[in-house]
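Q: Take these sequences, add in the hints, and give me the full structure.
There are 2 protein chains.
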Amino acid sequence: MTSSALETLEMISGGVTAPQGFGAAGVSAGIKADNGLDLALLVSDRPASAAAVFTINRAQAAPVVVSRDHLSRSGGVARAIVVNSGCANACTGDAGLQVAREMATETARLVGCPVEQVLVASTGVIGVALNIDKIRRGLPVALDALAGDQGSLAARAIMTTDPFPKEAAARVTLGGRGVADIVIGGMAKGSGMIEPMMATMLGFVTTDAAVSQPLLDRALREAVNDTFNAITVDGECSTNDCVMLLANGASGANVDEASYDAFAHALGAVCLQLALGIVRGGEGATKLVTVTVTGAASAADARRAAKAIANSPLVKTAIHGGDPNWGRLIAVAGRAGVEFELSRAEVMIGSIVLFKDGRPYDEAAPEAAMYLESKDIAVSVNLGAGRASSTVWTCDLSAEYVRINADYRT
Amino acid sequence: MTSSALETLEMISGGVTAPQGFGAAGVSAGIKADNGLDLALLVSDRPASAAAVFTINRAQAAPVVVSRDHLSRSGGVARAIVVNSGCANACTGDAGLQVAREMATETARLVGCPVEQVLVASTGVIGVALNIDKIRRGLPVALDALAGDQGSLAARAIMTTDPFPKEAAARVTLGGRGVADIVIGGMAKGSGMIEPMMATMLGFVTTDAAVSQPLLDRALREAVNDTFNAITVDGECSTNDCVMLLANGASGANVDEASYDAFAHALGAVCLQLALGIVRGGEGATKLVTVTVTGAASAADARRAAKAIANSPLVKTAIHGGDPNWGRLIAVAGRAGVEFELSRAEVMIGSIVLFKDGRPYDEAAPEAAMYLESKDIAVSVNLGAGRASSTVWTCDLSAEYVRINADYRT
Numbered sequence: 000m001t002s003s004a005l006e007t008l009e010m011i012s013g014g015v016t017a018p019q020g021f022g023a024a025g026v027s028a029g030i031k032a033d034n035g036l037d038l039a040l041l042v043s044d045r046p047a048s049a050a051a052v053f054t055i056n057r058a059q060a061a062p063v064v065v066s067r068d069h070l071s072r073s074g075g076v077a078r079a080i081v082v083n084s085g086c087a088n089a090c091t092g093d094a095g096l097q098v099a100r101e102m103a104t105e106t107a108r109l110v111g112c113p114v115e116q117v118l119v120a121s122t123g124v125i126g127v128a129l130n131i132d133k134i135r136r137g138l139p140v141a142l143d144a145l146a147g148d149q150g151s152l153a154a155r156a157i158m159t160t161d162p163f164p165k166e167a168a169a170r171v172t173l174g175g176r177g178v179a180d181i182v183i184g185g186m187a188k189g190s191g192m193i194e195p196m197m198a199t200m201l202g203f204v205t206t207d208a209a210v211s212q213p214l215l216d217r218a219l220r221e222a223v224n225d226t227f228n229a230i231t232v233d234g235e236c237s238t239n240d241c242v243m244l245l246a247n248g249a250s251g252a253n254v255d256e257a258s259y260d261a262f263a264h265a266l267g268a269v270c271l272q273l274a275l276g277i278v279r280g281g282e283g284a285t286k287l288v289t290v291t292v293t294g295a296a297s298a299a300d301a302r303r304a305a306k307a308i309a310n311s312p313l314v315k316t317a318i319h320g321g322d323p324n325w326g327r328l329i330a331v332a333g334r335a336g337v338e339f340e341l342s343r344a345e346v347m348i349g350s351i352v353l354f355k356d357g358r359p360y361d362e363a364a365p366e367a368a369m370y371l372e373s374k375d376i377a378v379s380v381n382l383g384a385g386r387a388s389s390t391v392w393t394c395d396l397s398a399e400y401v402r403i404n405a406d407y408r409t
Numbered sequence: 000m001t002s003s004a005l006e007t008l009e010m011i012s013g014g015v016t017a018p019q020g021f022g023a024a025g026v027s028a029g030i031k032a033d034n035g036l037d038l039a040l041l042v043s044d045r046p047a048s049a050a051a052v053f054t055i056n057r058a059q060a061a062p063v064v065v066s067r068d069h070l071s072r073s074g075g076v077a078r079a080i081v082v083n084s085g086c087a088n089a090c091t092g093d094a095g096l097q098v099a100r101e102m103a104t105e106t107a108r109l110v111g112c113p114v115e116q117v118l119v120a121s122t123g124v125i126g127v128a129l130n131i132d133k134i135r136r137g138l139p140v141a142l143d144a145l146a147g148d149q150g151s152l153a154a155r156a157i158m159t160t161d162p163f164p165k166e167a168a169a170r171v172t173l174g175g176r177g178v179a180d181i182v183i184g185g186m187a188k189g190s191g192m193i194e195p196m197m198a199t200m201l202g203f204v205t206t207d208a209a210v211s212q213p214l215l216d217r218a219l220r221e222a223v224n225d226t227f228n229a230i231t232v233d234g235e236c237s238t239n240d241c242v243m244l245l246a247n248g249a250s251g252a253n254v255d256e257a258s259y260d261a262f263a264h265a266l267g268a269v270c271l272q273l274a275l276g277i278v279r280g281g282e283g284a285t286k287l288v289t290v291t292v293t294g295a296a297s298a299a300d301a302r303r304a305a306k307a308i309a310n311s312p313l314v315k316t317a318i319h320g321g322d323p324n325w326g327r328l329i330a331v332a333g334r335a336g337v338e339f340e341l342s343r344a345e346v347m348i349g350s351i352v353l354f355k356d357g358r359p360y361d362e363a364a365p366e367a368a369m370y371l372e373s374k375d376i377a378v379s380v381n382l383g384a385g386r387a388s389s390t391v392w393t394c395d396l397s398a399e400y401v402r403i404n405a406d407y408r409t
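So the sequence lines, in the order shown, correspond to chains F and E. Note that numbering that gives the first Met the number 0 gives residue 159 to position 160 of the first sequence, counting from 1, and the numbers run on in steps of one. Note that numbering that gives the first Met the number 0 gives residue 327 to position 328 of the second sequence, counting from 1, and the numbers run on in steps of one.
Take the hints with a grain of salt, since some may be wrong.
The list treats identical chains as one, so a pair stands whether inside a single copy or across any two.
Simulated pairs of lysine-lysine, DSS-like, Cα-Cα distance not exceeding 30 Å [unchecked claim]:
#	residue 1	residue 2
1	Lys355	Lys374
2	Lys355	Lys133
3	Lys31	Lys133
4	Lys374	Lys133
5	Lys355	Lys31
It is worth saying that the hints were derived from the structure and are not from the lab.
A: See the structure below:
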């Protein structure tokens, strides 16, 4: 990464419509019972390079199947993304597949583009039929509302149990030949069923940079790995997870190998802000928890141990209760199936050492308990087995998580 | 398994002291803050064949290290087991190891046997020093109280957050040469931090059959695999898990290859009753959930998918809330990393089909919701990928689990 790139990165407002040439809308199509916003439309004024990562869940929802197909048939070009909330259109059989295809067809007709240039996403309850008539009635309303300042309404229209919308945007000056400003914007949703594997909950990122499809694909995969794929709320990977990235070139600036690092850095910053938003808004979450594992024998071990800690109900409840229970961190590291050397292991809560050299430092427990009262918590475990490290983000586990998920459909 | 063996299996009362030649005691040594029972002693009146399985957590507690060492040095012979609750003696370094050794030494001196014939176990908070003086003062009291009808007090003395003690015993007539009755008894504890891997929380099983050490070891591993290793409360594997089995031969009956099946069947029945007791008494549990996976490509896939379902917070909260949310079962099966074919998959809650042939059967949802009001729930998922199957047991996830674990040390 060039230092000039770092110097010119600026986080801005505007979400998916912050870059030039993108319009968005969020309307109510009557899919949600409460008549809330439930249909989002995102349109580029010209064909854009498109890249996406999808859930690795083997029960892939209909919109995932259709979007994957369209991306392949269009050779990585898209004009529009249509998203509904309130219904996941997952496990809905051939009928559901037909509905997802019709969503794309109708959008393509209204936007005036080939159907394979439309990507589709859905989120909500699994196994319920999505009413295509409601989508058909909602789409023209969304097209009418489409505007370059409506990113935040689109971000609201993709929410389910999310307590707040997730948006991010960054302006960055590309290095390389010539100096040009480009903008990257994004929105995401996700609150429960969150442990993306190779993909995540719904995330949509736009940029007015011109980026070739192979480079765009590489940038998205790298960014997702360290952001959306490094978060977990409850260890669940959904049937509908996807992150889509459109680059329409409206800024006139081109991303090439010389300016790639600056672009990738900014893309990572946008994705991280969206991903951390998902964790902060995790079901029942009261704290954002940064889990860092160091001293691992390999990067895979580090990620695996960090994920095991981040998904441990005993660790998450202890943090919820403000209990500096480092023993649970050791116990999880020990069962994570990774190289682990107890005599060289170390546990810190914040910067407070609680276990080191094979023995507890319980005199530090009161200070650690005070630290745990804050909303942003860092815990770290050194596995004592090597030099690799990994950071993941999660939230605490509260009784509210249980209430939300015991009552989700009733 | 011979049919005559099945006919003569009878579940009885008495726990670990149901078999002949075993005495037990449960006393208060002042380790628990509330002066509850916290020291259990189990003694055979003669040297017994001994087998044990231990946690695969890499952070092994001191008593695990010591018991493993003693079992190896004695060649699989034991006279006594000493167990304390209120303190796990885990992550306590060399000092903790010394305490575990002294627990054994003192017990051996009082019982009058070689130190390596004493096995040690501890359960409670991790990372707190175990006070050896309290153990030293408690042990003679326990020895005085030792009796052939005190199994239930020992079962109480090993409890931590357990809402009730777990005991089981069976009388069985061995086949083979001659016909003789033998008795198998057991006790167990465990309520949170429960997903045993190759071992479990604390379980202690006794029998008055004479069983060679290799045969005893085989019988224990087989029984544990289908019982203690097939349960999960919260997916956590503790630093202290172990199951120990003593066979003292006091009945005069010998288990050989001919009578092995009858013995193994009875041992399995005792272990299953103890294991299900752990699940029923799981932290915050209100329901026992039997998860059966069929149609798997392999036994390993079947177990893995069943465990993923049994550990899914979204499945566990849905069952807690009485929501027949079969979509969550499909979603977990799809992300479990096993062969899965959605078009051939099937989900049942009780005997009610909710998903089959790629489509929902939502007309059955009200009946399934009524079924979910009971305390004993069965769910099953056919992966549509083969013929292997597996059953595991878990409990629901309630707000009470969070409350217990957020406040555990305070």
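Q: Against each hint, give a clear statement of whether it holds in the structure.
A: Comparing the hints with the structure gives:
1. In this homomeric assembly, Lys355 and Lys374 come within 30 Å of each other (Cα to Cα) only inside a single copy, at 26 Å, whereas the closest approach across copies is 44 Å.
2. For a Cα distance limit of 30 Å, the shortest separation of Lys355 from Lys133 across copies, 27 Å, qualifies, whereas the shortest one inside one copy, 60 Å, does not.
3. Proximity of Lys31 and Lys133 under a CA criterion of 30 Å is satisfied intra-copy only: 11 Å inside one chain copy versus 62 Å between copies.
4. With identical chains, the CA atoms of Lys374 and Lys133 are never at most 30 Å apart, being 41 Å at best within one copy and 40 Å at best between copies.
5. In this assembly of identical chains, Lys355 and Lys31 lie within 30 Å of each other by CA distance solely across copies; the values are 26 Å between and 52 Å within a copy.
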